[in-house]
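Participant: The listed protein sequences derive, respectively, from chains L and H. Count along the first sequence from 1, then add 11; that gives the number in my numbering. Count along the second sequence from 1, then add 11; that gives the number in my numbering.
A hint or two may mislead.
Identical copies look the same in the list; a pair holds intra-copy or inter-copy alike.
Unchecked claim - With a straight-line cut-off of 25 Å between C-alpha atoms, the simulated DSS-like cross-links for lysine-lysine are:
1) K290 <-> K370
2) K245 <-> K296
3) K274 <-> K147
4) K296 <-> K46
5) K67 <-> K176
6) K447 <-> K119
Derived from the structure by calculation, the hints contain no laboratory data.
Number of protein chains: 2
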Amino acid sequence: MSAPQSYIDQHINTFQDQLFEFLRIPSVSTDSRHKGYVMNAAKFLIHQLENAGLEKVTLHETGGHPIVTAEKCPYEDRPTVLVYGHYDVQPSDPDDLWNTPPFEPTVKDGRVYARGASDDKGQSFTHIKAVESYLKTDTELPVNVKFILEGEEEIGSPHLIPFIKKHKDLLACDMVLISDTAMFGEDQPSITYGLRGLAYMEINIVGPNRDLHSGVYGGTVENPANVLCEIIAKLKDSNGVIQIPGFYDAVQPLTAEMRDAYKELPFNEEEYKSGLDLKELDGEKGYTTLERSSARPTLDVNGLWSGYQGEGAKTVLPAAAGAKVSMRLVPDQEPDKIAELFTDYVQSLAPDTVTVEVKAHHGGYPIVIDLDFYGLKAAAQAFRDVYEKDVLFSREGGSIPIVADFKKVLGVNSILMGFGLTRDALHSPNESFSLKDFHRGIKTSARFMELLPDFVE
Amino acid sequence: MSAPQSYIDQHINTFQDQLFEFLRIPSVSTDSRHKGYVMNAAKFLIHQLENAGLEKVTLHETGGHPIVTAEKCPYEDRPTVLVYGHYDVQPSDPDDLWNTPPFEPTVKDGRVYARGASDDKGQSFTHIKAVESYLKTDTELPVNVKFILEGEEEIGSPHLIPFIKKHKDLLACDMVLISDTAMFGEDQPSITYGLRGLAYMEINIVGPNRDLHSGVYGGTVENPANVLCEIIAKLKDSNGVIQIPGFYDAVQPLTAEMRDAYKELPFNEEEYKSGLDLKELDGEKGYTTLERSSARPTLDVNGLWSGYQGEGAKTVLPAAAGAKVSMRLVPDQEPDKIAELFTDYVQSLAPDTVTVEVKAHHGGYPIVIDLDFYGLKAAAQAFRDVYEKDVLFSREGGSIPIVADFKKVLGVNSILMGFGLTRDALHSPNESFSLKDFHRGIKTSARFMELLPDFVE
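Whole structure, please, built from the sequences with the hints as guidance.
Facilitator: Structural data, given as structure tokens:
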């Protein structure tokens, strides 16, 4: 075994403790009250990167949460890998559904439970430890490595794209390495070569100038909550087909070849259902569950609110109602265009009796990466060596908008080397991450760096 | 001027201070954390009734909030008036929309602002003061008077009906006097002779066993929030007609005579709209605004909740969604029957992919009182004498379910002697009550007692 691989095995307990320290920081980027914690997570990374032996470790202030960069680039003639990750996390609510405190990492059955355990603290941390395994053992780092770690992924990375555009030289590289996706199943190494895009919208409907007594006023004025439901009901038909005019115009149809490839992926629909306690799955008619989960666009209500939500009954006719609605996009749908189509359609459904406001939150482009890219091949071999199993290539339903931006601004492909699992419960209560995969992830990353020079074409 | 009427004029400032003390007690019956305050409000009334000179003043414990009774019944051969009121109030939320604290009565432009100012502390308190004006001036009380004051009106009076059934003798009377309605306009005395009934429902929809990542799972499972919206959208058609099968079966159609009477009521639609900051009103096609507000049944969403409601964007596919939906009923719709029809219809719309639970909160029967009843005539004359203006008789959109129960159990009519105004903002932030009407209300109640014996047929 190479010195770095031995170093990883010997220090895995320390690495875990360091990860737990990272997970204890409630770096919720979407909540402005947590701004200080997000900064603390950035500082934790600064310390880790410096300690690993990286150079030019820098905390860049932005208008929002900071961006952390670092590098170790000894070679002019070897490929440069830019590791991207994010140290911010989703909100932990609903907190009462967590079995253990969301920001107190708790180990159970070989998994660590905490918000951000998988998405993306646990996964991104592997690469820092991989580089450390070279630099601390005085082993030659096989490639140039750079890091860019942001604190705004969960709010749509508003400052990252301007930053990349402004720092093209600092970030110049041959590929981006990202661990923020799930493997296809336990012990089944997987590389995601496709991601859906995102358009995230909010609808706010305002009716009368105050909450009204539903007895006195009921029947005479439009009810914003009823209107909201009527609008949302018209966004999809009974076959799950999205009704926004023009929504499907840019969607690349699934080819027979693609559909065959989906069929070959191991997938147990019964297990999928029972894991969610559902009797029936549902979605767009005419497509399989796997196709619907990654190759077809979707529309989902993410949040809904109006009037009285408390205990008992309050006979109020609410003054306002609102919803968050997001759409997952596939090539070649453009988020801005889709946001515009959504807005136009919702406004066309809005009656004159209320005021309907539609605004766009963050969006992201869908992407599919060419399977012939040499970086993907090296990553697949690294996985094979560590996991002792062939890699599956698949498309994923989630969005990492930055992948499209790296392609556009830096002109490079991304390698989505995920160590997570679907059962990690990202964005849900009781998020977790397998400690075995944390360990294998570090080893896979180190092995990837070792193999990469041989794969350059 | 009679001694009682002079006494009222002389003591009006004291009466106001006593009312403010009453309003400072946050007796929110729907919130179990306020149980102690509801009790405090009951004790306040005990003290007031005893001090006024009433007899058999009693606090009756129930399974919930207490019922207060009292009486002064010197005569065998004169009519007995049972005053009904409620000392519980609606929740004050949303608190941030109040201009002054909801439980700190604040006087502005001749109105007192506080939760319960009009509904029903301010209005019901008038009758205690009216009786006091006789007993404190050693003037012969013209009729027998009884009181029944409850603390559960805003949660559907669950213990009142059993109490009335059990205490028919204690409560035996010739009519019930209730001040819990609005006058038709400022300085326009009005008697409500019709009330709508109520069926208040809650829908809870459960999908997957946890909140899911909308990227990873979006497109594969049914979204409870989308389903909720689709169900609610099917409750009414685009003409505002309720789609629940059988819903209108028992509805008494509006006769030409009734419609003519509605046309004669003073009503300024432009003022109504501008008071609500609305460009357009809305409701069931084919009926006027006034008809829709009181003589036609309605369906309104009272509350809506699902998923993420916070700042920014959270890409969650919610595990559950819920709504509170209530219907106002007109003669001869029965609340239990309507609740059953609602439940059946919602269940018929529910897809197999989620679990839909429908439950009924409190309900109430609609009622219309015969305009020939002598008590109504005496009340109209009392209004005329105090307000120096003819009384309007109208139907109201709200519900006072107990009116139907008094008819059923005690066999008596109710007189709805409202001193409120539509602008009182019942159930809304900044509820208020005119102090001038508080004063005139006490005088009208006292005058009514004085006149009543002469109207007995």
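Participant: If a hint holds in the structure, say so; if it doesn't, say that too.
Facilitator: Going through the hints against the structure:
1. K290 <-> K370: between (35 Å within a copy, 23 Å between copies)
2. K245 <-> K296: For K245 and K296, both the intra-copy (17 Å) and inter-copy (22 Å) Cα distances are at most 25 Å.
3. K274 <-> K147: neither (45 Å within a copy, 90 Å between copies)
4. K296 <-> K46: neither (43 Å within a copy, 52 Å between copies)
5. K67 <-> K176: Cα proximity of K67 and K176: one copy only (19 Å, versus 84 Å across).
6. K447 <-> K119: Answer is within: at 12 Å inside a copy they meet the 25 Å cutoff, but 68 Å across does not.
When the structure is compared with the earlier hints, violations turn up for hints 3 and 4 and for no others.
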